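**Q** Given next are the chains, with one letter for each unit.
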Amino acid sequence: DSGVTQTPKHLITATGQRVTLRCSPRSGDLSVYWYQQSLDQGLQFLIQYYNGEERAKGNILERFSAQQFPDLHSELNLSSLELGDSALYFCASSLNSAGANYGYTFGSGTRLTVV
Amino acid sequence: GQNIDQPTEMTATEGAIVQINCTYQTSGFNGLFWYQQHAGEAPTFLSYNVLDGLEEKGRFSSFLSRSKGYSYLLLKELQMKDSASYLCAVHQAGTALIFGKGTTLSVSS
Numbered sequence: 001d002s003g004v005t006q007t008p009k010h011l012i013t014a015t016g017q018r019v020t021l022r023c024s025p026r027s028g029d030l031s032v033y034w035y036q037q038s039l040d041q042g043l044q045f046l047i048q049y050y051n052g053e054e055r056a057k058g059n060i061l062e063r064f065s066a067q068q069f070p071d072l073h074s075e076l077n078l079s080s081l082e083l084g085d086s087a088l089y090f091c092a093s094s095l096n097s098a099g100a101n102y103g104y105t106f107g108s109g110t111r112l113t114v115v
Numbered sequence: 116g117q118n119i120d121q122p123t124e125m126t127a128t129e130g131a132i133v134q135i136n137c138t139y140q141t142s143g144f145n146g147l148f149w150y151q152q153h154a155g156e157a158p159t160f161l162s163y164n165v166l167d168g169l170e171e172k173g174r175f176s177s178f179l180s181r182s183k184g185y186s187y188l189l190l191k192e193l194q195m196k197d198s199a200s201y202l203c204a205v206h207q208a209g210t211a212l213i214f215g216k217g218t219t220l221s222v223s224s
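Those sequence lines, one after another, are chains A and B.
Under the numbering used here, the final residue of the first sequence carries the number 115; numbering is consecutive throughout.
Under the numbering used here, the final residue of the second sequence carries the number 224; numbering is consecutive throughout.
Don't read these hints as lab results, they were simulated from the structure.
Take the hints with a grain of salt, since some may be wrong.
Stated by the list, open to error - Label-pair ranges, simulated between beta-carbon atoms:
no., chain 1, residue 1, chain 2, residue 2, range
1, B, Gly209, A, Asp1, 19 to 25 Å
2, B, Lys196, A, Gln67, 45 to 51 Å
3, A, Phe69, B, Gly209, 22 to 28 Å
4, A, Asp71, B, Gly143, 41 to 47 Å
5, A, Arg111, B, Ser221, 22 to 28 Å
6, B, Ile132, A, Gly16, 47 to 53 Å
7, B, Gly209, A, Ser27, 39 to 45 Å
8, B, Ile132, A, Leu61, 39 to 45 Å
9, B, Ser221, A, Ser27, 20 to 26 Å
10, A, Ile60, B, Thr138, 24 to 30 Å
11, A, Asp40, B, Asp167, 29 to 35 Å
12, B, Glu129, A, Ser79, 44 to 50 Å
13, B, Gln140, A, Pro8, 22 to 28 Å
Stated by the list, open to error - As a list, the in silico DSSO-like pairs of lysine-lysine whose alpha-carbon atoms are at most 27 Å apart:
no., chain 1, residue 1, chain 2, residue 2
14, B, Lys191, B, Lys216
15, B, Lys196, A, Lys57
16, B, Lys216, B, Lys196
17, A, Lys9, B, Lys216
18, A, Lys9, B, Lys172
19, B, Lys172, B, Lys191
20, B, Lys172, B, Lys196
Just so we're clear, the structure is a prediction, and the values are computed from it rather than from any experiment.
Where a beta carbon is used, it is the ideal one built from N, C-alpha and C, also for glycine.
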């Protein structure tokens with residue numbers, strides 16, 4: 001157990017729908033990162049939050065949004081889902097916004113299947 | 116932006132030594148990480164280099180040359196359980212870790 005908790009573990013939904021993925025960071029970590037992993041693209045950085053505020057943005061689609069709450073848990077919202085959104089979505093956390101020295105700790109991921 | 120290249124696949128036998136290379140192009144370099152990822156599981160931290168040179172940690176070592184934009188991960192005394200993907204990731208100032216597509220290592224007996 002890495003200490004980063006992601007729910008749900010699996011999600012199957014239809015095209016056009018909206019889903020919410022949840023992440024609780026490791027105790028004491030202030031930064032949360034969201035990554036998407038598909039077979040052909042590898043781990044793609046989506047977005048980072050630090051202590052409730054957006055800190056960095058990667059290749060996140062406009063249909064996707066995220067937030068970090070006062071208790072530091074984070075949610076990733078995916079809307080108007082398409083077949084191509086099927087992927088493993090990982091959340092990671094780190095103590096500070098740089099994540100230096102020890103990198104990030106990853107959760108076990110949410111496998112999203114869009115049918 | 117960043118460009119990170121590593122071989123797609125490598126094979127080796129138990130007990131052998133394997134070197135996985137990674138080249139990168141970035142500005143504002145803040146460190147290079149190696150992660151191990153078994154299929155369907157979370158990536159786990161292996162090593163971190165921010166200065167030139169070799170970092171050794173048990174059977175695993177990682178090397179960095181910042182002037183050449185080059186790193187390698189060296190795995191010694193390979194075991195079957197080392198079959199996994201190895202991800203090179205670069206930290207650029209002001210953004211998050213950016214990962215290469217990973218190298219899938221298959222270890223056979």
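**Q** Against this structure, judge whether each hint is valid.
**A** Taking the hints in turn, this is what the structure says about them:
1. Here the CB-CB span from Gly209/B to Asp1/A is close to 31 Å, at odds with the stated 19 to 25 Å.
2. The hinted range of 45 to 51 Å is not satisfied by Lys196/B and Gln67/A, whose Cβ atoms lie roughly 38 Å apart.
3. Look at Phe69/A against Gly209/B: about 24 Å separates their beta carbons, and that is inside 22 to 28 Å.
4. Under the hint 41 to 47 Å, the C-beta atoms of Asp71/A and Gly143/B, about 32 Å apart, miss the expected range.
5. For the pair Arg111/A and Ser221/B, the beta carbons lie near 23 Å from each other, so the given range of 22 to 28 Å is met.
6. At roughly 51 Å, the beta carbons of Ile132/B and Gly16/A sit within the given window of 47 to 53 Å.
7. For the pair Gly209/B and Ser27/A, the beta carbons lie near 26 Å from each other, so the given range of 39 to 45 Å is not met.
8. A hinted range of 39 to 45 Å holds for the C-beta pair Ile132/B and Leu61/A, which are about 42 Å apart.
9. Roughly 36 Å separates the CB atoms of Ser221/B and Ser27/A, a value that falls outside the hinted 20 to 26 Å.
10. For the pair Ile60/A and Thr138/B, the supplied restraint of 24 to 30 Å holds, since their beta-carbon distance comes to about 26 Å.
11. Evaluation of the 29 to 35 Å hint for Asp40/A and Asp167/B yields a pass: the beta carbon distance comes to about 33 Å.
12. For the hinted restraint 44 to 50 Å between Glu129/B and Ser79/A, the CB-CB distance of approximately 48 Å keeps it satisfied.
13. Checked against the hint of 22 to 28 Å, the pair Gln140/B and Pro8/A fails, with Cβ atoms roughly 38 Å apart.
14. At roughly 23 Å between alpha-carbon atoms, Lys191/B and Lys216/B fall within 27 Å of each other, so this suggested pair holds.
15. Note on Lys196/B and Lys57/A: the hinted pairing is violated, with a Cα-Cα distance of about 35 Å set against a maximum of 27 Å.
16. For the suggested pair Lys216/B and Lys196/B, the alpha carbons sit about 21 Å apart, so the restraint of at most 27 Å is met.
17. Note on Lys9/A and Lys216/B: the hinted pairing holds, with a Cα-Cα distance of about 23 Å set against a maximum of 27 Å.
18. As the CA atoms of Lys9/A and Lys172/B are separated by approximately 32 Å, the hinted pair breaks the 27 Å bound.
19. As the CA atoms of Lys172/B and Lys191/B are separated by approximately 11 Å, the hinted pair is consistent with the 27 Å bound.
20. In summary, the hint linking Lys172/B to Lys196/B is supported, as the alpha carbons are separated by about 17 Å, within the 27 Å threshold.
In terms of the numbered hints stated before, the structure departs from hints 1, 2, 4, 7, 9, 13, 15, 18, listed from lowest to highest.
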